[in-house]
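Undergrad: Let's have the full structure, built from the sequences with the hints guiding it.
Each chain is listed here by its residues.
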Amino acid sequence: MKDQLRQYIVNHMIHDASYKLKDDEALITGGLVDSFSLVELAVYIEQEFGVHFDDPELTAENMDTLNKIVSNIEAKQ
Amino acid sequence: MPSATLIDAVRTLLETQPDKECVTLITHGDEYTLTYREFFDRAARYANMLKTADLQAGDLVVLVLQHGEAVMCGFWGALLSGYVPSIFPFLSDKQNPESYFSSIRQLVALSGVKAIITSTEFEQGLKQALDGIDVQILTVEMLAQSGDHPFSSDISIGVGDTAFLQHSSGSTGLQKGVMLSHGAVMNQIASYSTAIGLSSNDVVVSWLPLYHDMGLIAGFIIPIVSGIKLVLMSPFHWVRDPQILLRAIHRHRGTLCWLPNFAYNFLATRIPDSALGDLDLSSIRAFINCSEPIHAESHQLFVEKFARCGLYENALMTCYAMAENTFAVTQSALDKPLHVDTVERRALMDEQRAVPTSGDGVVLVSCGQPIANCDIKIVNEKRQPVSERHIGEIALRSDSMLTGYYHRPELSQQVIVDGWYFTGDMGYLADGELYITGRKKDLIIVGGKNIYPQDIENLLNDIDGIHAGRAAVFGVFNEQLGTEDIAIVAEAETDDDDTRTAIKREIRARVAQNTDVTARYVQLVEEKWVIKTSSGKIARDANRQKFIQEFLQPGK
Chain D
335 MKDQLRQYIV NHMIHDASYK LKDDEALITG GLVDSFSLVE LAVYIEQEFG
385 VHFDDPELTA ENMDTLNKIV SNIEAKQ
Chain P
41 MPSATLIDAV RTLLETQPDK ECVTLITHGD EYTLTYREFF DRAARYANML
91 KTADLQAGDL VVLVLQHGEA VMCGFWGALL SGYVPSIFPF LSDKQNPESY
141 FSSIRQLVAL SGVKAIITST EFEQGLKQAL DGIDVQILTV EMLAQSGDHP
191 FSSDISIGVG DTAFLQHSSG STGLQKGVML SHGAVMNQIA SYSTAIGLSS
241 NDVVVSWLPL YHDMGLIAGF IIPIVSGIKL VLMSPFHWVR DPQILLRAIH
291 RHRGTLCWLP NFAYNFLATR IPDSALGDLD LSSIRAFINC SEPIHAESHQ
341 LFVEKFARCG LYENALMTCY AMAENTFAVT QSALDKPLHV DTVERRALMD
391 EQRAVPTSGD GVVLVSCGQP IANCDIKIVN EKRQPVSERH IGEIALRSDS
441 MLTGYYHRPE LSQQVIVDGW YFTGDMGYLA DGELYITGRK KDLIIVGGKN
491 IYPQDIENLL NDIDGIHAGR AAVFGVFNEQ LGTEDIAIVA EAETDDDDTR
541 TAIKREIRAR VAQNTDVTAR YVQLVEEKWV IKTSSGKIAR DANRQKFIQE
591 FLQPGK
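Protein chains in written order, with my numbering: chain D, 335 to 411; chain P, 41 to 596.
Not one of these hints is a red herring.
Some chain D residues judged to face chain P by a derived CB distance under 8 Å, without partners named:
no., residue
1, 350
2, 352
3, 366
4, 368
Since the hints were made in silico from the structure, they are not lab data. Just so you know, even glycine gets a beta-carbon here, dropped at the ideal spot from N, CA and C.
TA: This is the structure:
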């Protein structure tokens, strides 16, 4: 799941397959994902993993790293 | 209108001060000086050579020559003969000769150039590139046959006639030939000399190329026509050995030097402290920052580095200039600290207003106040004036403006309306001082937020591993989002994947943390990828197109 999300972010959001995105790297404060893209990411998560995030949950605090996203997805499954 | 032309001015100089030093040319490890008489005698040889060609008054003569005596004398030789000279940028190391020759062909065909003066090494290449076009190619080596008659001018040229063309760096598409009349140039010299307090004791020292307005006007025509000494070196030479500029100032007791902003950083960082030694810069009364956005940090760096050499802080001055006004539009005040304005970033981006703040904000350095006989107004998209501290397009009206763009009436009509020239530069006025915030078409609008790409580029210059000044930021329209994405292309020195990711991570973090936006694309590229205009500015549209072709639509 983590690798699938990693692939999605590097290939579809920042369009840079060579980018070595780390598990604990800041996505939002690190400037990889902005608020528009975060919504797009939530849509992708819902499609692929059947987990829905409400808008208020889409914050830097909840979604800033791959680790955080994955643990939030797992908590909802 | 002034009663004199540039030709009259030269005639007077030759009568009143023929033996005064006119120009010192710095060559590798050496230098030589020509008096006014010697300089114009050499220019006369070019005039004599041009007489052998089949030309008429007003014909366009383009100089394709390396920086040095030939291009200087060739320029005056053509001008004094009543032809219209224009200096073409010289082929640089990184340029592909084929595309260089093809850009000359484009210019010759579009502008109806009647003659080219070049050197033997280029003769063949130019002949091939210009095959089928009616243009005469003259080489410096033909001078020997044209005889040594001293300068004498009996031609009838009026103040309204075109003196020369400056080719304004049209970054994309065709270059624009800015037509300047004798009257406009003489007016600029008068007004700008007053603004900088020019006197016969001044000595101008310059490394600037002559195909660009700052080098051509401030670093060549003003000193010569004003009868003051000019010390000149080649930009190629200076780039490799930046301290030659400062050593020339020291040796010749230089008083005035014009520099683009990057040169302040370059000089401050590229010259080791150990090389400063006895360097004395106390003779300089003005280093004038002009022709690219001015940064307080660059000045600070420069002062920190060279204060020990006697650099006097109020010597740092600023100017806003463009070929379309011959050169200067504004100039900061003599002998006074520069005006610096710190304004709220959000109001600047979202509301096009410059709201002063005492906190963290965007720091802008004033370009000074309009020179004499030059009016400025700031206008909105409908070209209606806006009030103080509101950002808009800068329009100007003066007695040193262009007549129009050569052979481009449609372009002239777009930008000259009711006597006002609309510059395409964005800025605001505050207490009579002009602040430049960017360029109209450079503006990136991301989700309704206005982003000035220079602001982002400035954040990136000191990142380890990327070449300073070689990062380009531009907007790429995102059809899906209906707005622009920010793309950053930066030249990097490494092939190591981990290092490359680390650089990209740093770029992204800086943008995210210092602006309201996130960069969508951060692309590292090889050295020399980023396209600059002939005047050294980032050619944003050209870089955008190149980026789209290479990275977004490869194969298309």
